Amino acid sequence: MKLKGISLYRKRSMLGFFFIGPWLIGFLFLYLTPLIQSVKFSFTKLEIQPEGYSLLSVGWENFRNAVFVDANFNRILTSSVWEMILSVPMILFFSLFSATLLNQKFRGRTLTRAIFFLPVILASNAIEAAEKSGLINLIGSASYLEEMQGATSSYNVTSIVYTLLDIGIPLTFADYIVTAILSIYSIITSSGVQILIFLAALQSVPNTMYEVAKMEGATAYESFWKITFPMISPLILTNIIYTVIDSFSGSPITTLIYSTAFTSQNFGLSAAMSWIYTIVVAGFLAIIGVVLAKRIHYN
Amino acid sequence: MGKEIAEARYYRKKREQQKLFDLLYVIFRSLLIIGISFIIIYPIIQKIAVAFKDKADIYNPTIYMIPVNFTWENLTMAMSILDYFPMLGKTLVFVVVTTLFTAASCALAGYGFARFNFPGNRILFGVVIITILVPTTTLMLPYYLHFKNFDFLGIIGLFNGKSGVNLINTYWPSIITSATAIGLKAGLFIYIFRQFFKGLPKEIEEAAFIDGAGGIQTFFRIMLPNAIPPMITVVLFCFVWQYNDTFYTTLFMSGMELMSLKVATLPSQADQFIPVLMGYSHSSGFKADPNHVAMVVDTGILLAILPLLALYLVVQRYFVESIERSGIVG
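Residue numbers (full-length UniProt numbering), protein chains in the order written: chain E, 1 to 299; chain A, 1 to 330.
Hints in this document: simulated from the structure, not taken from any laboratory.
On a predicted model such as this, the values are computed, not experimentally measured, just so you know.
A few of these clues could be false.
As the list claims (entries may be wrong) - Covered stretches of chain A, going by a simulated chain E footprint (3 or more residues, C-beta under 8 angstroms): (1) 93-99; (2) 171-185.
As the list claims (entries may be wrong) - Okay, derived cross-link-like pairs now, BS3-like style, lysine-lysine, Cα gap no bigger than 25 angstroms in a straight line: (3) E:LYS45 with A:LYS148; (4) E:LYS214 with A:LYS148; (5) A:LYS202 with E:LYS105; (6) A:LYS148 with E:LYS40; (7) E:LYS214 with A:LYS13; (8) E:LYS11 with A:LYS202; (9) E:LYS45 with E:LYS105; (10) E:LYS214 with A:LYS14; (11) E:LYS105 with A:LYS19; (12) E:LYS11 with A:LYS198.
To be verified - Label-pair restraints from in silico Cβ distances: (13) E:MET209 with A:TYR11: 42 to 50 angstroms; (14) A:ARG122 with E:PHE29: 42 to 50 angstroms; (15) A:ARG9 with E:GLU216: 21 to 29 angstroms; (16) E:LEU55 with A:GLY212: 17 to 25 angstroms; (17) A:ARG122 with E:PRO170: 29 to 37 angstroms; (18) A:LEU20 with E:PHE93: 27 to 35 angstroms; (19) A:VAL96 with E:LEU171: 29 to 37 angstroms; (20) A:LYS55 with E:ILE25: 52 to 60 angstroms; (21) A:LEU24 with E:LEU171: 31 to 39 angstroms; (22) E:PRO252 with A:ILE34: 29 to 37 angstroms; (23) A:VAL127 with E:LEU55: 21 to 29 angstroms; (24) E:PHE18 with A:PRO290: 54 to 62 angstroms.
Note that CB positions come from ideal geometry on N, CA and C, so glycine has one too.
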């Protein structure tokens with residue numbers, strides 16, 4: 001190869017391709033190709049044969065089956081998305097709150113931080129599955145387990161609901177608070193990474209800003225809303241996206257898509273389901289992005 | 001004169017109020033922190049307590065946490081059901097190899113995106129972000145078929161004349177995806193590395209270039225040694241997520257002995273093997289006490305998270321610091 005004829009600029013950009021090379025190969029052959037295949041599968045009936053597989057085009061039938069025929073898909077999709085919509089604000093609020101707490105100076109802060117980040121290490125679908133089926137094993141049936149969990153928790157709940165209603169909080173909002181209280185354990189265990197991101201964001205806010213605000217007579221409350229909040233607002237969007245994506249991994253809809261493909265061997269339907277799910281989530285993220293983009297302060 | 005005294009009294013009162021308020025705040029904060037920490041730690045403590053509890057203590061209502069009869073039986077049973085040490089060894093080899101490949105390929109890609117103006121840089125980086133956003137569920141089926149008949153550009157077909165090799169139930173699918181920076185959450189790692197390299201001063205590379213170092217040499221001798229903070233973050237996250245992952249492992253390696261798979265199926269396994277371990281034959285129809293099974297399952301879960309806890313105790317100090325400096329914040 002004649003290197004003399006190539007300008008320094010060209011050489012540098014060739015080097016860039018060297019660095020992203022592994023990723024580029026992986027992307028083209030292990031991401032883009034499967035992605036296109038997946039679109040193709042969703043419009044076909046796929047049958048596994050000893051030598052590879054055969055495809056039979058069926059048009060939109062898989063999508064129609066997923067939405068109108070399949071007994072579980074609609075129900076699980078709505079409940080998964082609904083659960084995600086409910087849990088995202090709770091996780092966000094809790095992680096921001098914990099991050100501000102962990103950013104303050106107090107004795108034993110290192111230990112506290114270590115404990116708060118433990119869920120990052122221990123969050124595992126495998127362990128969750130084992131614990132759940134262990135409980136089912138113990139009690140005898142899955143439906144009875146659900147009933148029992150409902151029964152043990154309902155005692156506290158009614159009293160909380162009544163107090164909240166007495167204060168004058170609307171019923172839907174009271175319901176939301178109660179849900180948050182009941183799922184406090186899962187909120188805490190699924191907000192480890194979010195706390196880390198917020199904590200890093202809080203530490204990047206220059207201290208001089210707070211000093212100026214204090215001199216001008218701002219209270220801690222004011223300086224939180226006027227300085228901290230705008231400064232970390234880009235990371236709120238990052239955290240929302242992370243939380244939404246994180247909720248995919250263990251959601252029932254993923255299990256349904258997996259079992260449709262590998263247990264009932266209905267590959268086309270499974271591909272169609274996963275695309276409907278992807279489009280719903282993408283729409284959801286797009287709405288959040290558009291709504292928040294204008295309110296975010298970039299410095 | 002009188003005015004000054006009144007003013008002094010006013011300020012003293014204000015200061016005392018402030019002190020009281022601060023004290024109340026400290027108490028409130030401590031209670032909150034202790035409460036949340038308790039919620040996080042409680043399941044672990046409970047599992048440790050259960051691990052040493054004897055069968056005889058199950059129905060003793062006076063016991064809270066600390067068992068009366070200590071025993072190693074639960075531990076040995078869980079270990080033999082899980083096939084613990086050989087399986088842990090295999091899992092660790094697998095996780096370490098994939099982590100190293102992921103960290104290497106993502107560091108290269110991150111540096112490439114941060115520092116080179118090749119055509120299409122911005123578009124390709126946008127594509128990286130999209131790979132983070134698209135749920136992997138969409139790719140599940142093509143992945144499976146792809147690795148079932150793996151054939152890179154038809155090269156393997158040229159040699160043995162068949163349609164490809166079956167890589168399902170080997171380590172290869174995960175190794176290939178991690179070496180090409182497409183595996184588990186690799187997009188996120190590329191993003192972390194890119195943000196960090198973008199934050200480093202350009203003068204470092206210019207100095208290296210003037211001293212006669214080529215682009216590749218600059219990366220390995222100068223940029224990489226500076227990238228310790230994002231490296232720790234990525235390696236730790238990648239290690240832990242690989243160790244706990246059930247998505248790729250059930251898809252590619254459902255027949256292999258890996259920690260996450262073993263733990264997920266532990267309850268049914270325990271149900272089956274505990275009678276055998278207790279000396280009853282399969283045909284005797286003896287069923288183990290469900291409470292006893294639950295105890296062994298809990299012990300097994302504890303055994304599964306033990307290596308992660310040990311790792312975390314060693315690195316957690318660097319971990320928090322490295323997150324602060326790794327430039328996730330941009």
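Hints not upheld, ascending by number: 1, 4, 5, 9, 13, 14, 16, 17 and 19
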